[in-house]
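Line by line, the protein sequences are chains A and B. If you count the first sequence from 1, position 214 lands on 214 in the UniProt record's numbering, and the numbers rise without skipping. If you count the second sequence from 1, position 40 lands on 40 in the UniProt record's numbering, and the numbers rise without skipping.
Please keep in mind that the hints were generated in silico from the structure rather than gathered at the bench. Only a predicted model underlies this, so the values are computations on that prediction, with no experimental measurement involved. Treat the hints with care, since some could be wrong.
[Unchecked claim] DEER-style ranges, computed between Cβ atoms:
no. : chain 1 : residue 1 : chain 2 : residue 2 : range
1   : A       : 116       : B       : 9         : 35 to 45 Å
2   : B       : 149       : A       : 185       : 35 to 45 Å
3   : B       : 93        : A       : 178       : 56 to 66 Å
4   : A       : 172       : B       : 148       : 51 to 61 Å
5   : B       : 17        : A       : 102       : 22 to 32 Å
6   : B       : 23        : A       : 117       : 51 to 61 Å
By construction, the Cβ of each residue, glycine as well, lies at the ideal position given by its N, Cα and C atoms.
So the chains spell out like this:
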Amino acid sequence: MRKYTCSICGYVYDEAIGDPARGIAPGTKWEDVPEDWHCPLCGATKADFAEDKINNKSATPELSIVENEANSMSELSFGEVSALCSNLSKGCAKQYRLEEAELFNQLAEFYKAKSSIAGAGQLKDISTLGERDLASGYVQANLIAADASDRGALRALVWGEKVTRILNSILRRYEKQQDTLLENKHLYVCDICGFVYIGDKLPDICPVCKVPNEKITEIKRR
Amino acid sequence: MHAIRNINLCTKDCLCLYVCPTGATDTETGQIDASRCLDGCRICIDACPSHAISLIPAAFPAQQRKTDTVKKTLLSLAESKVKQEQIAAYIEKNTDNPVLKQLAQVLCISNQLMAEDLIRESGYMLPQSQNVQDFLKLLLDTDQPEGFPKEVVERLLAILNLENLDQTE
Ligand code: SF4
Ligand code: SF4
Ligand SMILES: [Zn+2]
Ligand SMILES: [Zn+2]
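Extracted from the complex, chain A is given alone in its bound form (with noise of 0.2 Å):
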């Protein structure tokens, strides 16, 4: 009997045990557990779990980074000081300075405004730079941090490579199944750190950063 692993969660489907609450008998084989089945806990697909193995020791990719002379800030784009502002307002209003939490968003508001030009796009755009983050971008990243030992970023880089891959996971669902996929279905938003759910039972806690689920928003259709 072999165990399988959400990438997402950390939901384990053990082969002895099944799923029972969704008529997946115990002893059943991962290969048998239809198409359709999802995660339990997060919502995530069949593709998204990865079996457990004894011995999963990857090769280590080679770490080679050339130094750049540091000028990050003036690099920012738009969108990313809107996105900075933005940020830097919630940290503001969770000190109660609402003042300067209305100022920073003023701010994100004007960049962002700014900055939306250039955002023309299908969604097959979207999970064609999400992929690019999940093979490179996060790869690289991950190094990068483990090398400087900076638990922060390494901790945003986990939370948002699930994400990513959920995301993907959903916009992959919606190219095959389109409306369908979420008819009859609510969809939800974790404020901390933008984990989706389709579905009507909301985990209590969010599977990606742990927060409890009132902090998970409810987007309504319009």
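For this one, chain A is given, so just place chain B with the ligands on it according to the hints.
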């Protein structure tokens, strides 16, 4: 240092009103009056049965250093998230299909949150930090797009209490 009340946790048990020596806890806004709060007193914090009150320092320590390579790699991922957010916003705005609109809105929010998190970890966690101060000054010192709200940045620099920061960052 002064006390703040998390109104989502406050169960209106009023013990903080009984114990506060200055009456700072008894306000109509639900928030504690910082100007009356005695620096570091914390009697209300220990008294509150709902753990709804905490102390915020007036000054913060210098923030953790970020290496340039960490900054660079986080910001390049952030830029990708910003792009995805912008495409999602475009789809949300231009589609007539309410289901696609809803999905695009979700993608937009989610990518914005990821971008914010990556940028914040590249050295901009604390609003009162040296890096944020430098960032705001740079906005004033460099060319900005038309309609730039200069006075907003100036006001922020004036009220963020940046002089209280340990400058060794
Ligand atoms: S003691 Fe705590 S719960 Fe009671 S009013 Fe004060 S903050 Fe609220
Ligand atoms: S810390 Fe002390 S002075 Fe400040 S609000 Fe609480 S009880 Fe009042
Ligand atoms: Zn899962
Ligand atoms: Zn979350």
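Status of each hint after checking the structure:
Roughly 37 Å separates the CB atoms of residue 116 of chain A and residue 9 of chain B, a value that falls within the hinted 35 to 45 Å. Checked against the hint of 35 to 45 Å, the C-beta distance between residue 149 of chain B and residue 185 of chain A comes to roughly 41 Å, which is consistent with it. Restraint check, residue 93 of chain B to residue 178 of chain A: a C-beta distance of roughly 20 Å breaks the suggested window 56 to 66 Å. Between residue 172 of chain A and residue 148 of chain B the C-beta distance comes to about 41 Å, which lies outside the given range of 51 to 61 Å.
At about 29 Å, the CB distance of residue 17 of chain B to residue 102 of chain A agrees with the hint of 22 to 32 Å. For the pair residue 23 of chain B and residue 117 of chain A, the supplied restraint of 51 to 61 Å holds, since their beta-carbon distance comes to about 53 Å.
Consistency note: the structure conflicts with the earlier hints numbered 3, 4.
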